[in-house]
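Trainee: Below, each chain spelled out in residue letters.
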Amino acid sequence: MTRSGSGPTPDALPVASSQLDRYRLRLRQRDRGTIAGAHLIRQRGQSLEFREFRPYLPGDDIRHVDWRASARHHRRDELVVRTFEHEVQTRVVISIDTRATMRLPEAASKLQLARWFAEAMSYIAGRSGDSVALHALGSGHVIELGSSADRWRIRRALQRLSDAKTASNVRSPSVEARTTKAEWTSLERALPPGSVWLVLTDLYFAEDAEVMSLAARVRNAQQGSRWVVVVDFDSWPCETHRVGPGLHRLDGPGVTAPELRVRLTSGLLDDVKGRIDERKRRFDRAAAAGGYDRLRWTWPAEANPAPAAIFREHFFGQEIVRRLVMPDGAR
Amino acid sequence: MTYVFGALVAALVVIYMARPNFRRAVLSAALFFRDDPVLGSTSRIAWSTPHPTPLFFLQAAVLLLLLLAVPHCPAAAVMDRSARTGVRVLVDRSASMSTQLNGATRFDAAVAALRATVAPQTASIACFTLSAFDLELTTIAENVTSAADLVNLASRLQPRPLGTELSLVQRALAASPRAAAGGCDTGATIVVTDMPAPSWMDGPASRGDAWIDVSQPAPNAGIVDLADNRDRVSGAVQRARIVVGTFGGMKTSGVALGVTSPDGAVRTVPIETWDGPAGSVDVALPLPGRYTFHVSPGGAYRYDDDAAIDVPPSGPVRVDWRVPRREWLARLGWTEDRDHPDLRVLPSIEMLDSRPAIVLGSGYAPRRGPAQPVTTFLETSALVTGLNLDVAERSGMTAAPSLPPGFTAVLSGPENVVWIAERTAPVAAFVPGLPLEGDDNVARLSSTVFLNAARWILERRPRPPLFTLTSPEQPEPSGSRVALHAGEGNTGRTARSIGTFDPRSPRGRQTERRLALWPWLVGAAALVFLLERGLALTRGAA
Numbered sequence: 001m002t003r004s005g006s007g008p009t010p011d012a013l014p015v016a017s018s019q020l021d022r023y024r025l026r027l028r029q030r031d032r033g034t035i036a037g038a039h040l041i042r043q044r045g046q047s048l049e050f051r052e053f054r055p056y057l058p059g060d061d062i063r064h065v066d067w068r069a070s071a072r073h074h075r076r077d078e079l080v081v082r083t084f085e086h087e088v089q090t091r092v093v094i095s096i097d098t099r100a101t102m103r104l105p106e107a108a109s110k111l112q113l114a115r116w117f118a119e120a121m122s123y124i125a126g127r128s129g130d131s132v133a134l135h136a137l138g139s140g141h142v143i144e145l146g147s148s149a150d151r152w153r154i155r156r157a158l159q160r161l162s163d164a165k166t167a168s169n170v171r172s173p174s175v176e177a178r179t180t181k182a183e184w185t186s187l188e189r190a191l192p193p194g195s196v197w198l199v200l201t202d203l204y205f206a207e208d209a210e211v212m213s214l215a216a217r218v219r220n221a222q223q224g225s226r227w228v229v230v231v232d233f234d235s236w237p238c239e240t241h242r243v244g245p246g247l248h249r250l251d252g253p254g255v256t257a258p259e260l261r262v263r264l265t266s267g268l269l270d271d272v273k274g275r276i277d278e279r280k281r282r283f284d285r286a287a288a289a290g291g292y293d294r295l296r297w298t299w300p301a302e303a304n305p306a307p308a309a310i311f312r313e314h315f316f317g318q319e320i321v322r323r324l325v326m327p328d329g330a331r
Numbered sequence: 001m002t003y004v005f006g007a008l009v010a011a012l013v014v015i016y017m018a019r020p021n022f023r024r025a026v027l028s029a030a031l032f033f034r035d036d037p038v039l040g041s042t043s044r045i046a047w048s049t050p051h052p053t054p055l056f057f058l059q060a061a062v063l064l065l066l067l068l069a070v071p072h073c074p075a076a077a078v079m080d081r082s083a084r085t086g087v088r089v090l091v092d093r094s095a096s097m098s099t100q101l102n103g104a105t106r107f108d109a110a111v112a113a114l115r116a117t118v119a120p121q122t123a124s125i126a127c128f129t130l131s132a133f134d135l136e137l138t139t140i141a142e143n144v145t146s147a148a149d150l151v152n153l154a155s156r157l158q159p160r161p162l163g164t165e166l167s168l169v170q171r172a173l174a175a176s177p178r179a180a181a182g183g184c185d186t187g188a189t190i191v192v193t194d195m196p197a198p199s200w201m202d203g204p205a206s207r208g209d210a211w212i213d214v215s216q217p218a219p220n221a222g223i224v225d226l227a228d229n230r231d232r233v234s235g236a237v238q239r240a241r242i243v244v245g246t247f248g249g250m251k252t253s254g255v256a257l258g259v260t261s262p263d264g265a266v267r268t269v270p271i272e273t274w275d276g277p278a279g280s281v282d283v284a285l286p287l288p289g290r291y292t293f294h295v296s297p298g299g300a301y302r303y304d305d306d307a308a309i310d311v312p313p314s315g316p317v318r319v320d321w322r323v324p325r326r327e328w329l330a331r332l333g334w335t336e337d338r339d340h341p342d343l344r345v346l347p348s349i350e351m352l353d354s355r356p357a358i359v360l361g362s363g364y365a366p367r368r369g370p371a372q373p374v375t376t377f378l379e380t381s382a383l384v385t386g387l388n389l390d391v392a393e394r395s396g397m398t399a400a401p402s403l404p405p406g407f408t409a410v411l412s413g414p415e416n417v418v419w420i421a422e423r424t425a426p427v428a429a430f431v432p433g434l435p436l437e438g439d440d441n442v443a444r445l446s447s448t449v450f451l452n453a454a455r456w457i458l459e460r461r462p463r464p465p466l467f468t469l470t471s472p473e474q475p476e477p478s479g480s481r482v483a484l485h486a487g488e489g490n491t492g493r494t495a496r497s498i499g500t501f502d503p504r505s506p507r508g509r510q511t512e513r514r515l516a517l518w519p520w521l522v523g524a525a526a527l528v529f530l531l532e533r534g535l536a537l538t539r540g541a542a
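Protein chains in written order, with my numbering: chain A, 1 to 331; chain B, 1 to 542.
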């Protein structure tokens, strides 16, 4: 039994645990073998789940010899042994960017969607017996959840992460300034080789050096057979649609006095969007080392989009999310 | 005051338009705009596609209301000029203003009156516009800033030997006050003249305009009318009647008319026939050429003392005679001239053109049988003057053929039979025929009909006038161009001034009636503007 939390709230994940369970089981059954999943790394070993037959080798446990299969084997002088699945508990670390840029747009903040994503992934991982740790990219804070599928506990942990140093982070998009080397070290300790690292961020960093620093961490993480998935929360279409063209005093994280006074035109917006995309492409180039994926969650060009719709569209529709969820196959 | 207010409003609008209206917008990617070297134009008046937002419609409403208020603003300007206004001065410089009295002319008196009128009001007068009138209204100077300059300019004017056309002044007063070229907005008007104030001046006078009549009775005698007496058929000038009037207590006794003939003979004709202040004398004009007349003593006004006429040489009537019986030319004393005829006598209607002509029918056929009854005749026509219609009914007149358009039947019978007809333009007449020989009634009738037609046509010939009047184009008397403009020599009128000049209330009531709307329009625009600003503030805060 798992607790579903303290009841629905405006910020609560609008997906029931039962629906997450059905989603997990459906992927395990229907998509098995069709998608190269990476949630769990499976090895042959001691378990009750049959994997395959193979010829007997010296050192094999004689109790695993299948005598009937050996009798049917085309080589009479050779015994056939039965092998079994050996399930290995997977380590999943979810880093949530809690900087001020993630708290926008107000109608459907990126941080809210990130928390929902982390909650759903933590629940599914817990139900699969995996170990989960939550990490705040803004503050460096790490919270161990273990294999808990308790959504109430998950939600509290996420709340603590997002509340940490909130006041000081409101106007600062800088992660490097808040994340000390010791905190990075604590994160690396929580990421054993073979683990999965999910980074939930919008990549809106004040300085290029901060982006490259994070990219270097991601690249280093992949050297230990880790799979790093950066979930890029892109609310640009929604925010620019809401603001509209014309004269504006731009405010937001990273903007200090004097205010930015601009005439927003489609040309200027395209120009800025191009710079953002170029920064993300450089991040990709710097971060990719064989075990890296970046998936984008894009807000629709609406003034007041429904957060639940954004979540459902991306969480249940993106292939990489399914690969994260399904328990089959090697990376 | 209105201009100050208008300039202030315009300045506020310009400042508001020039000041960009930045709305606050929060973007999570705002920091990426920070390094943008070109942020785009921040001017409010930069061209951009309008967005149909409530703010846009409110701004459009403000603009529309202000535009609607614009046509009403000139009226407001007139109202505000009541504090310090421009004054339009109209000075009479017609011939009568040269009338002498006690060694000075009426024009001198007008300048003095003008000085006395404007000097006390100098502080309330912003500027002057000076105009002079006689037979025309002429602007002498605009935007004169001081009363001294105005009086100086007026004193340089001189009366001209022309008449007085007061309708020019009436139209000037009725016209809306307007800004002069130099920016002098005239509101009040001063008219200085020697003519009594007409009744249409009562209205303007009640609104602060003034009519100053500087005339005083002065003894004067002069020619007031000159009429010639001409032969109605030949046009020869035979006599002239000169009417002499006396005004301002001028005694009639001793007033005489001197006549100088073309041959240089001078004679004095006493005026013995007086009808009250006017006497007349008939002068025979036997010779062609210029006759001059002089009234003595002339009195205070000089332009009616002299007159001159040119008597044209007289000659026989020139006729283009196209019918038989040419002996009638000699009988009537006419000469034939086919190139420049005074009259054409034609045998058929087809020969008729635009020149004056008598078209003859087939003549008369007197008979003792049944009469041709005259059913209708045009009593007012000169063609039937002295006709015996009983004789006409038995004269056997031949009917006119089909007459071209323009002819009117003068004498006609049953079944639309026309015996005599006339056409006024071009002048032409149809008669049955030439006069018959003999001394019977029909012969006399035929002579009467023909000569009536000839006289009716010949007396309509254009006759050159014996004299002309001075005009704005030729204001000075010369030869037979005289300055006998009607009423100018009447120096005995009773003066009538009206209105007390008050520059502080020029046409104010008229203006107040016209400007009820613009303050409301501006007020509405201000309210909508405040609403728009409030809404913009709310939206910006949101």
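Don't read these hints as lab results, they were simulated from the structure. Think of the CB as a built atom: it goes at the ideal place given N, C-alpha and C, for glycine as much as any other residue. Among these hints, one or two may not hold up.
Every beta carbon over 12 Å from chain B, so not counted as near; a handful from chain A, in silico [what the hints assert, rightly or not]:
(1) Y56
(2) A69
(3) T185
(4) E188
(5) P193
(6) A216
(7) R219
(8) G224
(9) A306
Sample of chain A residues facing chain B (criterion: CB under 7 Å; computed from the structure) [unchecked claim]:
(10) L57
(11) I62
(12) H64
(13) V65
(14) T101
(15) L104
(16) M212
(17) R261
(18) D277
Far from chain A, some chain B residues (derived; all Cβ distances over 10 Å) [said to hold, decoys possible]:
(19) A25
(20) L65
(21) L352
(22) S402
(23) T494
Trainee: Going by Cβ atoms only, is V65 of chain A closer than 7 Å to chain B?
Mentor: violated, 63 Å
Trainee: Minimum C-beta separation from R219 of chain A to chain B exceeding 12 Å: can you confirm that?
Mentor: holds, 24 Å
Trainee: Are all beta-carbon distances from A69 of chain A to chain B longer than 12 Å?
Mentor: holds, 62 Å
Trainee: Holds or violated: the hint that T101 of chain A contacts chain B, with Cβ atoms closer than 7 Å.
Mentor: holds, 4 Å
Trainee: So, D277 of chain A near chain B? Judge it on the closest CB pair being under 7 Å.
Mentor: violated, 11 Å
Trainee: Does the claim that A25 of chain B lies off the interface hold, with its Cβ farther than 10 Å from every Cβ of chain A?
Mentor: Its Cβ does come within 10 Å of chain A, the nearest being 4 Å, so this is violated.
Trainee: For the restraint on L57 of chain A, tell me whether the closest CB of chain B is nearer than 7 Å.
Mentor: Hint on L57 of chain A: violated, closest Cβ of chain B at ~59 Å, above 7 Å.
Trainee: Minimum Cβ separation between S402 of chain B and chain A greater than 10 Å?
Mentor: holds, 86 Å
Trainee: Grab the minimum beta-carbon distance between P193 of chain A and chain B and tell me whether it stays above 12 Å.
Mentor: Non-interface label stands for P193 of chain A: nearest chain B Cβ at 35 Å, farther than 12 Å.
Trainee: Using 7 Å as the Cβ threshold, decide whether H64 of chain A counts as touching chain B.
Mentor: Hint on H64 of chain A: violated, closest Cβ of chain B at ~58 Å, above 7 Å.
Trainee: Hint R261 of chain A vs chain B: min CB-CB distance below 7 Å?
Mentor: With a closest approach of 5 Å, the R261 of chain A hint holds.
Trainee: With d taken as the least Cβ-Cβ distance between E188 of chain A and chain B, does d exceed 12 Å?
Mentor: The claim stands: E188 of chain A keeps its Cβ more than 12 Å from every Cβ of chain B (closest is about 28 Å).
When each numbered hint is compared with the structure, violations occur for hints 10, 11, 12, 13, 16, 18 and 19.
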